[in-house]
Amino acid sequence: MIKLQNVNKSYRLDNEIIFYALKNINIRIEAGEFCSIMGPSGSGKSTLMHIIGLLDKPSSGKVFLDNQEISNLEDDEISRLRNEFTGFVFQQFNLIPKLTVLENIILPAFYCRKSLSFEPKEKALELLRRFGLEEKKNSYPNKLSGGQQQRVAIARALIMNPRLILADEPTGNIDSRSGREVMKLIDDLNHKEKITVILVTHDLDIAKHAKRTIKIKDGQII
Amino acid sequence: MINLAIVFKEGLADFSRNKLRTFLTSLGILIGVFAVVILMALGLGLKKYISDQFESLGNNTIFLVPGRILSGGGFSGSASSFTGTFDNKDVDKLKRIDNVVSTAPLTLKSANAQGTIDEEFIDVMFSSEAIQDLMGFEVDVGRFFDKTDLTKRAKVIVSGPKIAEKLFGGNQEAIGKKIRIEDVRFTIIGVIKSKGGGGFGGFDYDNYMFGPYTTGYIFNPEKKFFRIAVKTKGEQYVSQVKEDIKQEFLKRYDEENFSIVEPTELMSAVNSIFNIFNLVLVAIAAVSLVVGGIGIMNIMYVTVSDRTKEVGIRRALGAQKSDIMYQFLTESVLLSFVGGFLGLALAYVAVFFISRYFPAYIDLVTVAISLSVSSFIGITFGVFPARKAANLEPVEAMRYE
Ligand SMILES: Nc1ncnc2c1ncn2[C@@H]1O[C@H](COP(=O)(O)OP(=O)(O)O)[C@@H](O)[C@H]1O
Ligand SMILES: [Mg+2]
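So the sequence lines, in the order shown, correspond to chains A and B. Mapping the first sequence onto the UniProt record's numbering, position 157 (from 1) lands on 157, and the numbers just tick up by one. Mapping the second sequence onto the UniProt record's numbering, position 139 (from 1) lands on 139, and the numbers just tick up by one.
Since the hints were derived computationally from the structure, they do not count as laboratory data. Do not take every clue at face value.
As the list claims (entries may be wrong) - Below, computed lysine-lysine pairings styled on DSS-like, alpha-carbon distance capped at 30 Å:
#1 309(B) to 89(B)
#2 19(B) to 95(B)
#3 137(A) to 95(B)
#4 309(B) to 57(A)
#5 114(A) to 388(B)
#6 309(B) to 62(A)
#7 215(A) to 89(B)
#8 143(A) to 19(B)
#9 95(B) to 143(A)
Please work from the sequences and hints to get the whole structure.
As structure tokens, this is what we get:
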């Protein structure tokens, strides 16, 4: 489904030194896979995940989605793919504080240009029911625990029926019990709904949920 | 497509979190719109007042005025004593001109007058009986003076309603009463209906008294008039009559010593003065609104940088650049629109009070202009910050704390 070919990501630091966050990455992820990206902090896991999720562009190299090269697509087209094709779950939840739980979950639907096959509000309520958060629908994110916020973030990632879920250390900011709940949800997405999942973590126990692990160090796959 | 209700909600949430900042930002636009609306209301009121005054004269009336009109003296004034340069010979000449229906010479006398309940410094306009028709006066009680009064040089007087009220306590009460102007005792024979208006350069007829010009010679021994009103048969005769008068008067006067004016002509002169006024207004408006707009731009830059992370999140969820642009533009328009709306509301209240003392009013055009201009300011000055937000790199923006 996704293929990265000779991908490099470099940053120009202020003293004109070029820093390579990713070096010559070649990976291929098939539809329905559950794959984890593991490595120490600063090794380039998030950078890699952003490139896979079409949120960032490589400095060089190619990214293919369903065998179509995406680096020459317009920004609007890439935004549309992010909207319809991928769902992100972040370590810091990244909910929008001034929107309610329900509004946060529906938000991606607002950015969709095509007509939807579902009613976003119905779908959001159904997800909230499934995640046991129905009574929180009109709460604001800061009234929720970390585990609850992360479940809202997962609901938001799912609203557009994505084919790919990208989770960047989803349990990193929550207690271990909530973490287990969140991991159970993510497992179910892959096992029951056949959604492709890419999970970034530096925790070996979390990585064990995935069938395949990509190990990365200093921007290189090892 | 992103829904406007949500965008509004978010904008308002942002505003209410920073109430003071929002208020101060809107203040620039508020003051600008307030000032402009007040000035427009005053201009409109004044213009309407003046045009009403001219309108009552009708469009088949011509005035003869000494000197050059609009360069010296002006058409209307309220100096304490007007004697002029024209005399009875001129009036007779005018009467002989084709298509002239009536003529009314005018002199003014200002003096202290004693009524039954009060004493007042008043203006008396001495003219012929034709003045009633010329000015469109309607008699409320009693009668207007007539030709017989003129030939008899009768010491009769017709009062405006305000002065009748002040000196005698009412129109009915004034009838038949004697009034002393200097050493001469006049009898009040009638009171006219109110013509409204207050004295801003025009005559406030409600505060005048009117008497036969022949009687007025008592105060005007040289028998000179400062103005002669000429009524023509109809509008179509006005230009010919003007030309004839000019030819006739040039025999006696130098060109710069008299002017022939028609109200419509004067009205266009007034209009051109108001056009200049409007131009000045536009300049003031432009300056104050640009200042307000810069305030909005400044605050929108702050907002964009405050919400950089949020922009990144939205982009990750699939928002296009145009969605981000639209959101921030909506907020800046909202901000300046609210400022404009408050300015308008405040001006409305102010005009409500001003209009008691000065003819001022707000029309729909003023409302439409002030609201659309403030929205336009929001768009113009919101574009740059909004574009900055739209062009943020998603990942960079999300890292921002
Ligand atoms: N915008 C940037 N400018 C400079 N360096 C960056 C930037 N973004 C990431 N990096 C660097 O790239 C490396 C990889 O970052 P990241 O992918 O976030 O690591 P991880 O998620 O594995 O902790 C880090 O050393 C980080 O400092
Ligand atoms: Mg990371």
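Violated hints - listed by number, lowest first = 1, 2, 3, 7 and 9
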